[in-house]
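Undergrad: All chains should be modelled from the sequences, with the hints used to inform the complete structure.
Those sequence lines, one after another, are chains A and B. Under this note's numbering, residue 112 is the last one in the first sequence; the count climbs by one each step, no gaps. Under this note's numbering, residue 116 is the last one in the second sequence; the count climbs by one each step, no gaps.
Don't read these hints as lab results, they were simulated from the structure. It is possible that part of the hints are untrue.
[To be verified] Examples of chain A residues toward chain B, derived with CB under 8 Å:
#	residue
1	89
2	100
3	102
[What the hints assert, rightly or not] Which stretches of chain A does chain B cover? Using the computed rule of at least three CB atoms under 8 Å from a CB of chain B, they are:
#	region
4	14-24
5	103-111
A virtual CB, placed ideally from N, CA and C, is assigned to each residue, including glycine.
Here are the chains, one letter per residue:
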Amino acid sequence: KQEVTQIPAALSVPEGENLVLNCSFTDSAIYNLQWFRQDPGKGLTSLLLIQSSQREQTSGRLNASLDKSSGRSTLYIAASQPGDSATYLCAVRGTGGFKTIFGAGTRLFVKA
Amino acid sequence: GAVVSQHPSWVICKSGTSVKIECRSLDFQATTMFWYRQFPKQSLMLMATSNEGSKATYEQGVEKDKFLINHASLTLSTLTVTSAHPEDSSFYICSAPVTGADQPQHFGDGTRLSIL
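TA: Written as structure tokens, this is what we have:
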């Protein structure tokens, strides 16, 4: 059974800092890995998707990496801004049945 | 791009009421949809897999008779919370996978259910 863990659970940083969010998963038989952002009381916003054959994806100030063999992914946020404050969720889509399993998330607070 | 529509976005009702939540794929066909539940400050927990034309597959610990799922067409899945109680209050969100490893999974905007 796939298990997804995110570290840290919460993070508070001053504006402008670069930061790394970590995600680990137990079963390397994945279809893809997706990072989402969720604002309080809202749905999910897809940030980046990395296919199982890829090593990284970039979008603006965001960079996500994937090391499937070690079961790890990181989300790098450059030059953080107060508007980046949200919960970031890592989601792993398995190869059997296409179920997507979520980590518990990292709650990020960027101080102005 | 593919879009998943979920309705209603917010429901407040009395204990004992049954509540139906709809999830529609707007521009693609979805033979499978997933239903998740999220308690405050917790992550999304997969409740069940909805399969078009057949019975839903429920995750361990999810009451089948409490959470009725119907996937009657290739674009619509419904989740009915039967005889809802305050402990059923939660954020429910559906998703539909799109074939292709390069395709992101699409999620509805969620339904916030509050049982008084």
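Undergrad: A separate judgement is required for each hint: does it hold in the structure or not?
TA: The hints, checked one at a time:
Satisfaction of the interface hint for residue 89 of chain A is found here, the shortest Cβ-Cβ separation to chain B being roughly 6 Å, below the 8 Å cut-off. Residue-level restraint check for residue 100 of chain A holds (minimum Cβ-Cβ distance to chain B is 5 Å; threshold 8 Å). Restraint check, residue 102 of chain A versus chain B: the minimum CB separation of about 5 Å is within 8 Å; hint holds. For the region 14-24 of chain A, the assignment as covered by chain B is violated, since 0 residues bring a beta-carbon within under 8 Å of that chain's beta-carbons and 3 are needed.
Coverage of the region 103-111 of chain A by chain B holds. Counting CB-CB distances below 8 Å, 4 residues qualify, and the rule asks for three or more.
Of the hints listed earlier, the one the structure fails to meet is number 4.
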